[in-house]
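> Below, each chain spelled out in residue letters.
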Amino acid sequence: MAEQRFLVVDDSLTMRRIVVNALKAQGYEHVTEAADGKDAVARLLSEGADFVITDWNMPEMNGLDLAKWIRSNQQFENTPILMITTRGNKDDVIEALKARVNNYIVKPFTPQGLKEKIDQVLKSVDPKAA
Amino acid sequence: MNNDSLDRSLSAYVRKSNTYSTRRSDDDDQAGLIKDFIAHVRGIVPLLEHVKDSISESSNRIPKASMQLSKVTEATESATVEILNVLEAMTEKISASQGHLKTISQFVTGVASDAGREEALSAIASINRVLTETKDDSMNIAVALQVQDITSQQIAGVSHTIESIRLQLAEALDRFDKPEDDGSAIPTKAKGSSDKGSGSTHFDGDADFSKKPDRQDMADEIVKQWAGKNSPQ
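Quick note, the sequences are listed as chains A and B, same order. Position 129, counted from 1, in the first sequence is what our numbering calls 255; the numbers after and before it change by one each time, with no gaps. Position 152, counted from 1, in the second sequence is what our numbering calls 194; the numbers after and before it change by one each time, with no gaps.
Hints are computed from structural coordinates only; laboratory data are not their basis. No experiment lies behind these values; they were computed from the predicted model shown. Take these hints with a grain of salt, some might be off.
As the list claims (entries may be wrong) - Straight-line Cα separation of at most 25 Å, BS3-like style, residue types lysine-lysine; simulated pairs:
#1 A/Lys216 - B/Lys266
#2 A/Lys150 - B/Lys94
#3 A/Lys249 - B/Lys106
#4 B/Lys113 - B/Lys94
#5 A/Lys164 - A/Lys194
#6 A/Lys249 - A/Lys164
#7 A/Lys224 - B/Lys135
#8 B/Lys271 - A/Lys150
#9 B/Lys106 - A/Lys241
#10 B/Lys271 - B/Lys253
#11 A/Lys194 - A/Lys224
#12 A/Lys249 - B/Lys94
#13 B/Lys177 - B/Lys135
#14 B/Lys177 - A/Lys241
#15 B/Lys271 - A/Lys224
#16 A/Lys194 - B/Lys106
#17 A/Lys241 - A/Lys216
#18 A/Lys150 - B/Lys220
#19 A/Lys150 - B/Lys253
#20 A/Lys194 - A/Lys216
Unchecked claim - Estimated spans, in silico, between C-beta atoms of each pair:
#21 A/Gln200 - B/Ala214: 50 to 60 Å
#22 B/Arg171 - A/Gln200: 47 to 57 Å
#23 A/Ser250 - B/Met260: 36 to 46 Å
Claimed, not checked - So the derived list for chain B, only partly shown, Cβ under 7 Å to chain A, looks like this:
#24 Ile183
#25 Ala184
#26 Gln188
#27 Ala261
#28 Val265
Glycine residues also receive a C-beta, built at the ideal position from the N, C-alpha and C atoms.
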């Protein structure tokens, strides 16, 4: 479990640090950060990642476009994506799912909620995991 | 239109009206009405000038208000980062203390007598429990700091709205200066304007720091239904 390499994407430094701390508290040591979708694409291409946690509203390239880019790229198309966002309307969730994110968290999140969603996603992409 | 040109135009209208009025039986009444009308319009002009000045003054204040809101966001982010720094340092110290406790525990197990060992190990376990709880508390404080991200998005939404208002006021001022425009090209909102923020904006004006589970429950239900519909048959 702790070997998963996470990429945390959020334009808020505060949010990135909170998510990174929550992941580390859960035993995930390999965590990198990106400030927006464009930065995330660069990180994916240079370092790769096994799991992407992304915000939606960001400058340059938003989380929805990042999800679409990941799904359209052969190298990363199966990378699990968890969206953590303030957007909590039904239409937003459906739009994110259409972009093929694996799961969805509405801010503010709890460390327990984050853990549950990560476990669910890992189980759905690999039933032997989590 | 300034006062002089308005006067000229109205005077011409009065002269023309007076010419007609000589041919009619109710000339005096009509001329009186027109004079009243002119007096009324003359009274409106300073009022319009006052409205224009007020709009201009309000419009000029908006950039300062936007800048003040940006400063609030910067200040809260800076304070939040400082708090996170302290919390992370605290967590590291707690983890280090727990490491020391483990060493002490191993030492006590090896050297203390049976009677003293149980007591010492029990005390060590209690200290370890308190440290773990303190670590959890510091994580809960860190998680509560999400409020900074959420309020900064709300502030960005407000800034966007007042910028839209500034644009509308600027357009209104243009209409004072160019009254011949019919106003059909006037935008009612700034480009991409929305309190919520579209998918392409970097804020959500509807962001809400609510710990009620209803929005997450709704999202979970949709995700569940979606997974059911899209799972392999």
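> A separate judgement is required for each hint: does it hold in the structure or not?
Hints, one by one, checked against the model:
no., hint, result
1, A/Lys216 - B/Lys266, "holds (13 Å)"
2, A/Lys150 - B/Lys94, "violated (58 Å)"
3, A/Lys249 - B/Lys106, "violated (51 Å)"
4, B/Lys113 - B/Lys94, "violated (30 Å)"
5, A/Lys164 - A/Lys194, "holds (12 Å)"
6, A/Lys249 - A/Lys164, "violated (28 Å)"
7, A/Lys224 - B/Lys135, "violated (44 Å)"
8, B/Lys271 - A/Lys150, "violated (34 Å)"
9, B/Lys106 - A/Lys241, "violated (43 Å)"
10, B/Lys271 - B/Lys253, "violated (29 Å)"
11, A/Lys194 - A/Lys224, "holds (9 Å)"
12, A/Lys249 - B/Lys94, "violated (64 Å)"
13, B/Lys177 - B/Lys135, "holds (10 Å)"
14, B/Lys177 - A/Lys241, "holds (17 Å)"
15, B/Lys271 - A/Lys224, "holds (12 Å)"
16, A/Lys194 - B/Lys106, "violated (39 Å)"
17, A/Lys241 - A/Lys216, "holds (23 Å)"
18, A/Lys150 - B/Lys220, "violated (62 Å)"
19, A/Lys150 - B/Lys253, "holds (23 Å)"
20, A/Lys194 - A/Lys216, "holds (19 Å)"
21, A/Gln200 - B/Ala214: 50 to 60 Å, "holds (54 Å)"
22, B/Arg171 - A/Gln200: 47 to 57 Å, "holds (50 Å)"
23, A/Ser250 - B/Met260: 36 to 46 Å, "violated (20 Å)"
24, Ile183, "violated (10 Å)"
25, Ala184, "holds (6 Å)"
26, Gln188, "holds (4 Å)"
27, Ala261, "holds (5 Å)"
28, Val265, "holds (6 Å)"
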